[in-house]
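Enquirer: So the chains spell out like this:
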Amino acid sequence: MAEKLLKMTNICKSFGTNKVLDGIEIEVDKGEVVALLGENGAGKSTLIKILGGIYHADQGEIYIDGELKTINSVSDAGDNGIRIIHQEIVLVPDRSIAANVFLGREYKKNGLIDSKRMQRETQALIDELGIPLRANTLVRELPLGMQQIVEIIKAISAEAKIVVMDEPTSSLSHAETETLFGIIQRLTKKGVGVVYISHRLDELFRITDRILVIRDGISVGNVKTKEARREELVNMMVGRELTSYYTRNAHDVGDIALEVKDFCNEADGISNVNFHVRYGEVVGFAGLVGAKRTETMKTIFGVKKKTSGKLLLDGKEVKINKPSDAIKQGIVYASEDRKQEGLVLMNDIEFNMGLANLDEYIKFLHIDKKAWGEMIKEYKEKFSIKITSSKQIAGDLSGGNQQKVVLSKWLALHPKVIILDEPTRGIDVGSKSEIYEIIDELAANGCAIIIVSSELPEIINMCNRCYVMCEGKVSGELKEADFSQEAIMTMATNRE
Amino acid sequence: MKNMKKVFALLLAATMVFSLAACGSSKSDSKSDSSEKKEEAKEDSGDKVKIGFAPYTLTNEYFSAVLNGVQEACDELGYELVYNDPQSDSTTQAQQVDDMIAQGISGLVYIPNDSANARSVLQACKDAGVFVINVDNVIKEDDYELCDGIIASDNEGLGRLSGEWVAKNHPDGANILIAHLQTAESCVVNVDGFWKGIKENVKDDSKFKEVQVVEGGGATDVTYKAVSDALSAHPDIDVIYCINDTSALGAIQAVEDAGLTGKVDILGKDAAPNGKKAISEGKMVQSSGQCPSQMGYDGVYEISELLAGNKIEFNVAIDAYNVDKDNIDDYDLDAWDEITHKNK
Amino acid sequence: MANNKSIAVKDSNAVVNYFKKNFGVILGLVILNVIFAVTTKNYFTASNILTMLQNNAVNAIICCGMLMAILMGQIDISVGSTVGLTGMVGAYLITNLHCNFFLALVISLLVGLIIGLINGFCIAYLKIPAFVATLATMSIGRGVCKIISKGISIRIRDDAYNAIAGTKIVIPGTEALSANGRVPLSVSVILIYAIILLALTWLLLNKTKFGYYIYAIGGNETAAKYSGIDTKLYNLLPYVITGGLCAVGGIIWASKLQGVQSTLGESFEMDAISAVVIGGTSMSGGSGTVGGTIIGILIIAVLSNGLNVMGVNSFWQDVFKGIIIIVAVVIDVLRKSKKR
Numbered sequence: 000m001a002e003k004l005l006k007m008t009n010i011c012k013s014f015g016t017n018k019v020l021d022g023i024e025i026e027v028d029k030g031e032v033v034a035l036l037g038e039n040g041a042g043k044s045t046l047i048k049i050l051g052g053i054y055h056a057d058q059g060e061i062y063i064d065g066e067l068k069t070i071n072s073v074s075d076a077g078d079n080g081i082r083i084i085h086q087e088i089v090l091v092p093d094r095s096i097a098a099n100v101f102l103g104r105e106y107k108k109n110g111l112i113d114s115k116r117m118q119r120e121t122q123a124l125i126d127e128l129g130i131p132l133r134a135n136t137l138v139r140e141l142p143l144g145m146q147q148i149v150e151i152i153k154a155i156s157a158e159a160k161i162v163v164m165d166e167p168t169s170s171l172s173h174a175e176t177e178t179l180f181g182i183i184q185r186l187t188k189k190g191v192g193v194v195y196i197s198h199r200l201d202e203l204f205r206i207t208d209r210i211l212v213i214r215d216g217i218s219v220g221n222v223k224t225k226e227a228r229r230e231e232l233v234n235m236m237v238g239r240e241l242t243s244y245y246t247r248n249a250h251d252v253g254d255i256a257l258e259v260k261d262f263c264n265e266a267d268g269i270s271n272v273n274f275h276v277r278y279g280e281v282v283g284f285a286g287l288v289g290a291k292r293t294e295t296m297k298t299i300f301g302v303k304k305k306t307s308g309k310l311l312l313d314g315k316e317v318k319i320n321k322p323s324d325a326i327k328q329g330i331v332y333a334s335e336d337r338k339q340e341g342l343v344l345m346n347d348i349e350f351n352m353g354l355a356n357l358d359e360y361i362k363f364l365h366i367d368k369k370a371w372g373e374m375i376k377e378y379k380e381k382f383s384i385k386i387t388s389s390k391q392i393a394g395d396l397s398g399g400n401q402q403k404v405v406l407s408k409w410l411a412l413h414p415k416v417i418i419l420d421e422p423t424r425g426i427d428v429g430s431k432s433e434i435y436e437i438i439d440e441l442a443a444n445g446c447a448i449i450i451v452s453s454e455l456p457e458i459i460n461m462c463n464r465c466y467v468m469c470e471g472k473v474s475g476e477l478k479e480a481d482f483s484q485e486a487i488m489t490m491a492t493n494r495e
Numbered sequence: 000m001k002n003m004k005k006v007f008a009l010l011l012a013a014t015m016v017f018s019l020a021a022c023g024s025s026k027s028d029s030k031s032d033s034s035e036k037k038e039e040a041k042e043d044s045g046d047k048v049k050i051g052f053a054p055y056t057l058t059n060e061y062f063s064a065v066l067n068g069v070q071e072a073c074d075e076l077g078y079e080l081v082y083n084d085p086q087s088d089s090t091t092q093a094q095q096v097d098d099m100i101a102q103g104i105s106g107l108v109y110i111p112n113d114s115a116n117a118r119s120v121l122q123a124c125k126d127a128g129v130f131v132i133n134v135d136n137v138i139k140e141d142d143y144e145l146c147d148g149i150i151a152s153d154n155e156g157l158g159r160l161s162g163e164w165v166a167k168n169h170p171d172g173a174n175i176l177i178a179h180l181q182t183a184e185s186c187v188v189n190v191d192g193f194w195k196g197i198k199e200n201v202k203d204d205s206k207f208k209e210v211q212v213v214e215g216g217g218a219t220d221v222t223y224k225a226v227s228d229a230l231s232a233h234p235d236i237d238v239i240y241c242i243n244d245t246s247a248l249g250a251i252q253a254v255e256d257a258g259l260t261g262k263v264d265i266l267g268k269d270a271a272p273n274g275k276k277a278i279s280e281g282k283m284v285q286s287s288g289q290c291p292s293q294m295g296y297d298g299v300y301e302i303s304e305l306l307a308g309n310k311i312e313f314n315v316a317i318d319a320y321n322v323d324k325d326n327i328d329d330y331d332l333d334a335w336d337e338i339t340h341k342n343k
Numbered sequence: 000m001a002n003n004k005s006i007a008v009k010d011s012n013a014v015v016n017y018f019k020k021n022f023g024v025i026l027g028l029v030i031l032n033v034i035f036a037v038t039t040k041n042y043f044t045a046s047n048i049l050t051m052l053q054n055n056a057v058n059a060i061i062c063c064g065m066l067m068a069i070l071m072g073q074i075d076i077s078v079g080s081t082v083g084l085t086g087m088v089g090a091y092l093i094t095n096l097h098c099n100f101f102l103a104l105v106i107s108l109l110v111g112l113i114i115g116l117i118n119g120f121c122i123a124y125l126k127i128p129a130f131v132a133t134l135a136t137m138s139i140g141r142g143v144c145k146i147i148s149k150g151i152s153i154r155i156r157d158d159a160y161n162a163i164a165g166t167k168i169v170i171p172g173t174e175a176l177s178a179n180g181r182v183p184l185s186v187s188v189i190l191i192y193a194i195i196l197l198a199l200t201w202l203l204l205n206k207t208k209f210g211y212y213i214y215a216i217g218g219n220e221t222a223a224k225y226s227g228i229d230t231k232l233y234n235l236l237p238y239v240i241t242g243g244l245c246a247v248g249g250i251i252w253a254s255k256l257q258g259v260q261s262t263l264g265e266s267f268e269m270d271a272i273s274a275v276v277i278g279g280t281s282m283s284g285g286s287g288t289v290g291g292t293i294i295g296i297l298i299i300a301v302l303s304n305g306l307n308v309m310g311v312n313s314f315w316q317d318v319f320k321g322i323i324i325i326v327a328v329v330i331d332v333l334r335k336s337k338k339r
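Protein chains in written order, with numbering that gives the first Met the number 0: chain C, 0 to 495; chain W, 0 to 343; chain A, 0 to 339.
The hints are simulated quantities; they were obtained by calculation from the structure and are not laboratory data. Hints are not guaranteed to be accurate.
As the list claims (entries may be wrong) - Here are the simulated BS3-like pairs of lysine-lysine, each with C-alpha atoms no more than 30 Å apart in a straight line: (1) Lys327/C to Lys231/A; (2) Lys304/C to Lys315/C; (3) Lys19/A to Lys368/C.
Chain C on its own, in the form it takes in the complex:
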């Protein structure tokens, strides 16, 4: 039998006393797509970073084509044909696609850069992959999703044996995701092994051959995708039976809390948005990437400027020019981008939880540590936030805990309307389920909730009503009884 393309055995890695990986095994065949599935903090990224030469394993061996290799640096990994595509985009925006693809290994002719040849080869590769791009386009001019694709092109342009993709679809639109899947298929035909990391189970079922589940640094399952069942995978990941993934109790819906009338923001291409949300109601916003849902919410919150339209809170018009105006009115917005827009990562939890409400805790030169501490304690218990101290640095927390800190910050203000933008993005299944519980409880307490989500099941299972947006307009509204993935997708692609 042929040697495995990649074999990592008994990989162990500790940070201080914290054992992150404990004897992980992974094998990848030529032309095989292996999914790496696990909650945040399960050890996926550590494993990938060891393969990529960023971290050094305490124990264990890496074999490539049956040969024992030592990978001590990123360039070692590169020499062995290992390409890692990280979530963040690290391209030079003001250079062409070709220049980015060949960055650091430019062709030279007579001592000068041979840009024609680089462009030719890049274009050949783009065409081979069937992507509608020109090699001389500046990266800055591409939409975010396409930039991600360029990142992938860059990774595979040099001879690649093993390609690792870390949450590649998180910023891709539907069409771009299809392009990506096309690329993966072409790669596997050429015999390249792919390691694919994603939280989106649907994707794993579509394109992977095998799924490796890890939890707390150990392998807990290695199943063929064809034979895998969704519930089984989730249970393996969280290590317990999730009786009900979503929490949804029936409760009363009250009066209209927030009403948005003829809302326009020309700069962002938002036109004539109308919707409302009632107290105790959970309203979803579905749509594809580029539907301008986030932009709409940011305009309501006062981060972006509206050009026309009205906001009615409790039937009365309110003027919101900046976030502090919105917060004063009781409208808060928990951003989709926790790290950039939600938290001050280098500061502690206390700091972050109190940041939006310092008026409450600081009165001139007196800091009311007691009230502040009690608030933190209340939310820590309520949301079972896993922290050892309120002085723990926010950047060190897992995604789920970070999201809970952000939610606590806003809920401590007792808002009337809370806008949750992708509340469960990048969060492990266990925390997800807990966040759904929090949302349900909030609604039960009469809070008006808006959820912007790209995960249709989330909208279908959590919302009373949902609006679908397409290219800056509301293209449809659905009541709970009419919810279905097909109905939403039809509206989301309804370009009039």
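For this one, chain C is given, so just place chains W and A on it according to the hints.
Expert: Frame of chain C, contents of chains W and A only:
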């Protein structure tokens, strides 16, 4: 936001206009605001001889005094004066001299920013037939051929006068602190002269000890800090010799703070207005006077001689003079040096 | 991720914490002191230490503002020029215009605040990078200073004005400790100004919303904005405060030296930035303390005084300062990467 940008753009434009206007007025006296005057000036400038003045900085009162002398001579002779402030930058100074040549100057009073880099400026003047009188900061000897005359202070003599004062007033020896400006060649010569002045006037120079040299940068605040540190280290200092009066003011304050007023003699250099005031108040004991205004004044007169086809003495050293409490009343405390007028 | 326990377990003892946090720089300060005390005769004397502290008091005052600017991830290189200009304005008003003492003070202070306002407005509202904006105001300030003075230094002969920084508090019975053994030691009032302003800055950064906002903006401006903080206003205010502090510095120097030269304050920004950075403040913003900055100021003070007392040429002092900055930043980087 758009409006804000507009406002900003307007502000910027206004600032530029303002600053251009400011530059213009400082460059040449002929450029006045009113158009009438301008025309007058134009007609005048047809006959008026233009004289250029190229100091290496004007943000120093010493050079302002040179400028005063140059201006006064030009007024007397009916010349038009053109000058710039290169702010201690050799390249800028060279460009400004080129501009002056283009404006048609007949002679240049030149204080090179860096004597080692003066050759290109001198050559440019020579090529354009512009007479150059080098004042104050003397050019290198091998560049003498390109220059028409030199007027300089006797830097060694300046130091020597101060040295003599110390020798006379501290016959039994003294601990001496030097507040230096080590990057200036003239100051190095100056301090050498100071020691010569002591050694030539005492029998036993071993009792005169240089306890420390501190860098005062020729500035009050820097000298203040450096001298106060040095006084901590050497409470037995008797004499502080400063390379100019400006830095001496810092030394005075440092001595006062250390509670040593009256116990330490402070000597300055230049006999600048501030220095003379300090002497009259008894805070400073001596300052060797230079004649910056006279130097500028004489420079212009030498050019006038050359223009008239007369010969001049190539190298003129302007003597230093001693200012101390005994003769301070003879001097005008508000001026630098009094110009000895030629045509009166 | 691993060892946040050291951060998590916060000791209740603030002093112990302070030493733990600033261990590297405190050790550096102690080592420098030991070296100078051993090698240089008159270094470790009460009078020299007082002189040293007094000579660096204005730097400490400027550092209060510089710390805020750097905490926000920005910089203010116009501080030295503002010191010069405000000092010059005060001197000009008093000496040339025979202006009332209080009026001169108020106008000098206003000039400082206005420069700060211009800086802040350009940076916060016009989004001009801080380095560029303050570079511009530095140039403008220095230029105006020279225009006012015409390059000539201005002497101040107003007793009230000169008493602002000239006042000393004499400690009776300390004659024996002084440099010459004749006059008792005295503490300059400048030192007291500096201590008060440092204390106020500490209060401002640690006990007010303003301080929390500064740290939040420096740590993550977007998150701060989304938390309802008026980030533009809080970007502007620290510059205004810095301008005011520079004016205080300018008035002090003018009063102390009883006159102002148009070069006053040149390269003051270097000492201030050095002290703040040596004190462990991150140039990218968000982290740094008044306590650390004080150590940074002391290191700069000890270094320049010590080398002067030792008799080392001032050109070498610049070299040593540079080396210390590199060492301090390397320690900072190492400490951060260790956390990872």
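Enquirer: Each hint: holds or not?
Expert: So, going through the hints one by one against the coordinates:
no.: 1; hint: Lys327/C to Lys231/A; verdict: holds (18 Å)
no.: 2; hint: Lys304/C to Lys315/C; verdict: holds (20 Å)
no.: 3; hint: Lys19/A to Lys368/C; verdict: holds (23 Å)
Violated hints are absent here; each numbered hint is respected by the structure.
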